[in-house]
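Student: Sequence:
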Amino acid sequence: MFSLQQIQAAHAKVKSGADFPAYVQELIQLGLISYDTFVSDGRAVYVGKDNYSVQSDAKYPVLLIAEKSEPEKFKAYLKIHQQGQTDYLTFCKHSAETGVEKWTVDLLEMTCTYYDKAGSIMLVEEIPGRRL
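Using the working numbering, the first residue of the sequence shown is number 1, and each one after it goes up by one.
It is possible that some hints are incorrect.
[As the list claims (entries may be wrong)] Only pairs whose alpha carbons sit at most 25 Å apart, straight line, appear in this in silico SDA-like list of lysine to any residue:
1. 49 / 64
2. 15 / 51
3. 79 / 54
4. 68 / 102
5. 93 / 66
6. 49 / 66
7. 15 / 38
8. 93 / 48
9. 68 / 51
10. 13 / 96
I should point out that these hints are in silico values taken from the structure, not numbers from a laboratory.
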């Protein structure tokens with residue numbers, strides 16, 4: 001099974017959204033099948049086989065999530081993040097501003113789904129690469 005320390009070591013290599021596909025491949029190699037990241041404080045719940053899971057601590061002071069979601073504005077922020085123009089904390093602030101409460105990365109389906117506070121899907125995107 002994977003440890004929080006292994007996940008944190010993989011995450012430490014991510015400098016921008018451009019590094020995300022390689023990060024995902026490393027998580028797959030560790031045995032993860034999905035994880036949820038909560039925008040309000042950056043904590044994440046990582047899940048493996050047989051419902052094995054570990055949870056990280058908060059990564060930054062609490063961000064207020066906008067009540068009204070703005071999917072188009074979020075997509076614009078996501079695009080610049082994926083091009084390497086913003087760091088992770090800036091991306092999280094932009095996510096909160098546009099109403100993203102959490103995102104779920106499904107490493108079996110190779111998707112990342114962004115949800116608003118009502119639990120509605122704001123965006124589903126395919127993760128580049130393939131499952132190893």
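Student: Hints first: check each against the structure and report whether it holds.
Tutor: Structure-based check of each hint:
Pair hint residue 49 plus residue 64 does not hold up; C-alpha atoms about 33 Å apart against a cutoff of 25 Å. Of the pairs offered as hints, the one joining residue 15 and residue 51 is violated, with about 29 Å between alpha carbons and a cut-off of 25 Å exceeded. Proximity of residue 79 to residue 54 is assessed by CA-CA distance (about 29 Å); at most 25 Å being required, the pair is judged violated. At most 25 Å may separate the alpha-carbon atoms for a hinted pair to count; residue 68 and residue 102 meet this at roughly 14 Å.
Between residue 93 and residue 66 the alpha-carbon distance is near 10 Å, which keeps this suggested pair within the 25 Å criterion. In summary, the hint linking residue 49 to residue 66 is not supported, as the alpha carbons are separated by about 34 Å, beyond the 25 Å threshold. Taking the CA atoms of residue 15 and residue 38, the gap is about 19 Å. The hint holds against a cut of 25 Å. Taking the CA atoms of residue 93 and residue 48, the gap is about 28 Å. The hint is violated against a cut of 25 Å.
Annotation: proposed proximity of residue 68 to residue 51 is violated, straight-line Cα distance about 33 Å (limit 25 Å). Between residue 13 and residue 96 the CA atoms are separated by roughly 24 Å; this keeps the pair inside 25 Å, and the hint holds.
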